[in-house]
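Asks: In case you want the letters, here they are:
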Amino acid sequence: MSADSAIQIESLVKHFPMGGSVVEALKGVNLALGAGEFAGLVGPSGSGKTTLLNIIGGLDSPTQGSVRVLGEDLANKTHKQLADLRKEHIGFIFQTFNLLPVYTVFENVEFPLLLLNRTNGERQKAVDEALERVGLSHKTKARPATLSGGESQRVAIARAIVKQPSIILADEPTANLDAENSHNIMRILVELNEDNSTSFLFSTHDEKVMAYLRRTIHLVDGNITSDEVTTPSAP
Amino acid sequence: MLIPKLAQRNLIGAGARTWLNVVTTSLALFMIVFASGMYDGMIAYTKRVTVATEIGGGQYWHPAYDPDDPFSIDDSHGLLPDELRQIVRRGEAMPILVVQGAAYPAGRVLPVMIRGIPPQQSIIDLPTQVLQAQPDGALPVLMGQGMARLSELEKGDRFVLRWRDVHGSYDARDAEVVGIMDVENFKVDLGQVWLPLELLRTMVDVPGHATYVVIGADEALTAASGEWVPRDHIFLLQDILNAVKADQPYVWTLYGLLLALAAMGIFNSQVLSIFRRRREIGTLMSLGMHRGRVVSLFTMEGALHSVYALLLTIIWGAPVLYLVATRGIPIPYDGADIGIVMGQRMWPVYSAGLLGGTVILVALIVTLVSYLPSRRIAKMNPTDALRGRAA
Ligand SMILES: Nc1ncnc2c1ncn2[C@@H]1O[C@H](COP(=O)(O)OP(=O)(O)OP(=O)(O)O)[C@@H](O)[C@H]1O
Ligand SMILES: [Mg+2]
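Going down the list, the protein sequences come from chains A and S. Mind the numbering: the first sequence is residues 20 to 254 in my numbering, read in order. Mind the numbering: the second sequence is residues 3 to 393 in my numbering, read in order.
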């Protein structure tokens, strides 16, 4: 395991009980992701992308196999320890944005820092920077309900990056956005990746996202069928 | 301090639903304090009036005296023991003689207790001075308003009063109403007629006798005085306190209903809130909040209702409670009709214990009904919650 390994997965199997039978969502996945990678899981609906991201983020547990995140074996961790790992090192971006509806834009982005007990001054500075990056400095007081889809996802990105996590897991971040907004978001994420050496792992079946990936991992039916370095075709 | 801060943000953000619950809780809080205050005030008032007009600082009873047994009354008097005679002489107490009799106002007959009291006394708050009048050829009689109404007598009216002397022979004379007193204690009013003590002693031929002795409100009862039995406030107020105890279950039921109303509102919105905010709960977990903390957050949100309710109640309820406490509440009926001692106005009493106790009780219940539904969060799977599915 190299020092700059972000994620290391061996023989990961995930079964979901479904009534009497069992859904095999992941059937022995091996995957290593280094620090600073910009990689995407690409595959059809139901291929297990979300399941894999959830397991990496400690939101779900493997049926078999081992998962190491930032050198830590998730198997021996309590719920609280997994939550702490997310709190400190992992940022999530969801297809559905998942902003906290009663908070303002500022408060949404501030939230992860509150959990980390950062001081007032630190929070103010970091939130301002994050909102600046996503171009929403002028919307700090807005409520999520008043934002467009593109704006909402940019707030979600600011929230994910504000604590400068080592890993960002983005589950179909552009699926609810139009082309222009999708490109906007991807350009922001590429920039972040280049500036902070944050590792990105996407799940997507969106061509626009694929065009930015530097590594494309094909997932079909719970198996990785190909894993290749790709040259971003987007400008 | 993070959880309270977040809880407050969420609760205020939730808007109308929050305020509906806060208003209900505030109403319950207010009603409990208001009703208890009225109740306590009524008891305090009743005690005060009873002490002022009837029992003073306490009494010494003739050993045979039993106010509940009318047949023994006529044999329950005697000379005062020395100690009592001394405190009476010092003006710290007064003797009262009780004799059975009958009044015949306008041809009707009413059984009465004839009470002899020193007209000059200032031990209890009855206008006995009017008994110094000496109507021509009639006994001066003082009675309460209730008795006056019952006997259809007015001031200056005459009626025949009949009694039995110590030798067993009946006697009757004209009596004139020299005063009608406005007294809120029906026990010195209904069925009672008051005569000057010395006159009554002569009528019954028991010089120096008394049935009981009332001591001044500031005097202390000593252990015993001869054979006479000291009766303290606890004993003399027993029937009032018993009446209070008999009412307690109803009062508790009322409070229970009020609290249940507030608690149910909050319980419902907690259940609803947790159901509707599954995705938010999942998001909180994905951001690194562990389940225990999310449970605390939701519990705190519910519990904060009681804090807001308290603040709201202070804003609108405190002035109302204050007004009622300083102006009283008029009572539309006469307490004597329902057999209790009661004023024309009711003055609530709010003790620190009542206020503090009510607030703590409401806060505890609100916290409990907030916690119970929130426990479900601890069983939620973050991935299910994120997908908007309940566990
Ligand atoms: N909690 C669950 N219970 C039962 N089955 C599940 C659960 N989560 C996922 N599955 C099943 O596991 C398989 C993989 O699901 P997953 O959500 O990971 O796919 P996906 O690649 O993210 O699909 P999509 O592109 O539609 O988001 C699917 O067959 C799905 O029905
Ligand atoms: Mg998915």
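Hints were generated in silico from the structure; no laboratory data involved. Bear in mind the structure is a predicted one, so any value in this text is a computation, not a measurement. In this text, a Cβ means the ideal position worked out from N, Cα and C, and glycines have one as well. Check the hints yourself; a few may be wrong.
[Unchecked claim] In silico contact screen, one side only, chain A against chain S (beta carbon under 10 angstroms); selected entries:
{"no.": "1", "residue": "Thr69"}
{"no.": "2", "residue": "Gly76"}
{"no.": "3", "residue": "Gly77"}
{"no.": "4", "residue": "Asp79"}
{"no.": "5", "residue": "Gln83"}
{"no.": "6", "residue": "Asp103"}
{"no.": "7", "residue": "Arg105"}
{"no.": "8", "residue": "Gly110"}
{"no.": "9", "residue": "Tyr122"}
{"no.": "10", "residue": "Asp147"}
[As the list claims (entries may be wrong)] Pairs of lysine-lysine, DSSO-like flavour, derived with a Cα cap of 30 angstroms:
{"no.": "11", "chain 1": "A", "residue 1": "Lys96", "chain 2": "A", "residue 2": "Lys46"}
{"no.": "12", "chain 1": "S", "residue 1": "Lys7", "chain 2": "A", "residue 2": "Lys46"}
{"no.": "13", "chain 1": "S", "residue 1": "Lys381", "chain 2": "A", "residue 2": "Lys144"}
{"no.": "14", "chain 1": "S", "residue 1": "Lys157", "chain 2": "A", "residue 2": "Lys106"}
[Said to hold, decoys possible] Covered stretches of chain S, as calculated for chain A (at least 3 residues, CB under 8 angstroms):
{"no.": "15", "region": "9-19"}
{"no.": "16", "region": "377-390"}
Asks: Would you list, in rising numerical order, the hints stated earlier that this structure does not obey?
Replies: 5, 10, 12, 13 and 14
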